[in-house]
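Asks: Chain by chain, the residues:
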Amino acid sequence: MDLPLDPTLPLGGIAAILLLVWLTGGRRQAAIAGADDAAAALAAPELGFAAGEIAVSQDGRTALARDDGGHVAVVFVSGARLAARKLTAGETIAVTLTPLSDGAVRLTLATRAFTHPDFHLRLDAAGAGRWQRHLMELPQ
Amino acid sequence: MTSPMLPDPVILAIPAFVGLAVLEVLIARWRRQPAYELKDTAASLIMGLVNLVQGILFAGVIWWSLEAAYRWRLFDLPFNGWTWLALLFAEDFVYYWFHRLSHEHRIWWAAHVNHHSSQHYNLSTALRQTWTGNLALTWVLWLPLALVGFPPALIVFQKGVSLVYQFWIHTEQIGRLPRWIEAVFNTPSHHRVHHATNPRYLDRNYAGIFIVWDKLFGSFAAEDAAEPCRYGIVKNLGSFNPLRIAFHEWVEIGRDLRRAPNLRAAWGYVFGPPGWRPDGRGATSDALRAQWRAAQNEAAAQ
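So the sequence lines, in the order shown, correspond to chains E and R. Position one of the first sequence corresponds to residue 1 (this note's numbering), numbered consecutively onward. Position one of the second sequence corresponds to residue 1 (this note's numbering), numbered consecutively onward.
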């Protein structure tokens, strides 16, 4: 069968580009170093979110923020970038807490989102309980 | 009359796509810019490869439809350079409206959103192309060109030329070009605006080759150095899985339809603007821009 395209060209091209990106530092990961990083990610006006209280997971991969109206947004690492998402009441499926051996607590947030539906935060026990309540009481 | 066949510009351009992307990776590295990310680039390139394959599979249906429309043509336009020149503008006009509809109505946004889903803006982003655009019948918009009398082979060729043109504008490595070029053509600067989520830039600069359509139809926004572009979509995916990138908005439409309280809501979820909600509180581009303007005005009044 005559193909309209020699597949070696695009496949070889893809391999060459990916190899070069890998060699030039394309595997780096972003991190949320503190509340300022999370606040900066949430400052984009299209998110419509004015962050007040912020909690950053001890692993630097996820953060939660709450505004004056009780809305909560999540900031998370997406490769080399940070992404942010405002949560709605109907979107949240479950918020569970799991005690860890070092005294910290893992908060797991499960949402209905099709992409990146679950978030995990490592927080101190008091903070985890407080954020669980915030997440269970999201306004519509 | 059967039109003579012309080469596919996209297939011919593949070596240039690869070469320019390699060059951009090296320039970005030299400038110490984090322009490329491995998983993001892999996702974009896989999206482009599958788009190429589905385009080949769909070519027969589109070709047959163009030929069928051409049999009912209004004029017998000759197969020559003047006709191609006229088609250069006519096809670009169609592209403008195709692109605008793809942003303003959710069913077509679902097919197009994957192209905007990267938080990076580089030449690999240009290749992050749709898998579902042909299924969403977007190609129907090109049939009137055949009805007018443009030969189908020229239409398909020009569609490819337009796609190839739009490759090089997906870069941050080129700043502003000379004023006359920026006035007439779609450029990296204009297209950066198009890929930005900043409210002032949302749903602007739909042009393919000529930016004049945006200026004519009120959708133009100039890049403002004081406001750097934030790339991606308002609700970023957080995924590099090509399947999720290709189908996420279709899945979300299905979910919204299941909970739609009535037919009006169902219609709005499918054909309304992205972000539309039945209660009128959806985060559509217009709503986000209005909120941003209100905040700007409030800040200026203080």
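You may find that some hints are simply not true.
Computed Cβ-Cβ distance ranges for the label pairs, DEER-style [stated by the list, open to error]:
(1) R/Gln296 to E/Leu23: 41 to 47 angstroms
(2) R/Leu257 to E/Ala125: 39 to 45 angstroms
(3) R/Arg293 to E/His120: 50 to 56 angstroms
(4) E/Leu100 to R/Gln173: 44 to 50 angstroms
(5) E/Asp124 to R/Ala59: 40 to 46 angstroms
(6) R/Leu57 to E/Asp59: 29 to 35 angstroms
(7) E/Met136 to R/Arg32: 20 to 26 angstroms
(8) R/Leu257 to E/Arg130: 33 to 39 angstroms
(9) R/Leu137 to E/Leu23: 40 to 46 angstroms
(10) E/Gln140 to R/Arg293: 23 to 29 angstroms
Not everything, but these chain R residues come out facing chain E in the computed CB check (under 8 angstroms) [claimed, not checked]:
(11) Pro15
(12) Ala21
(13) Pro34
(14) Lys39
(15) Asp40
(16) Thr41
(17) Leu49
(18) Phe75
(19) Asn198
(20) Pro199
(21) Ala295
Hints were generated in silico from the structure; no laboratory data involved. Just so it is clear, the structure is predicted and the values come from calculations on it, not from any experiment. All residues carry an ideal CB built from backbone N, CA and C; glycine is no exception.
Asks: Provide an ascending list of the numbers of those earlier hints which the structure does not satisfy.
Replies: Checked against the structure, the hints that fail are numbers 3, 5, 6, 7 and 18, while the rest are satisfied.
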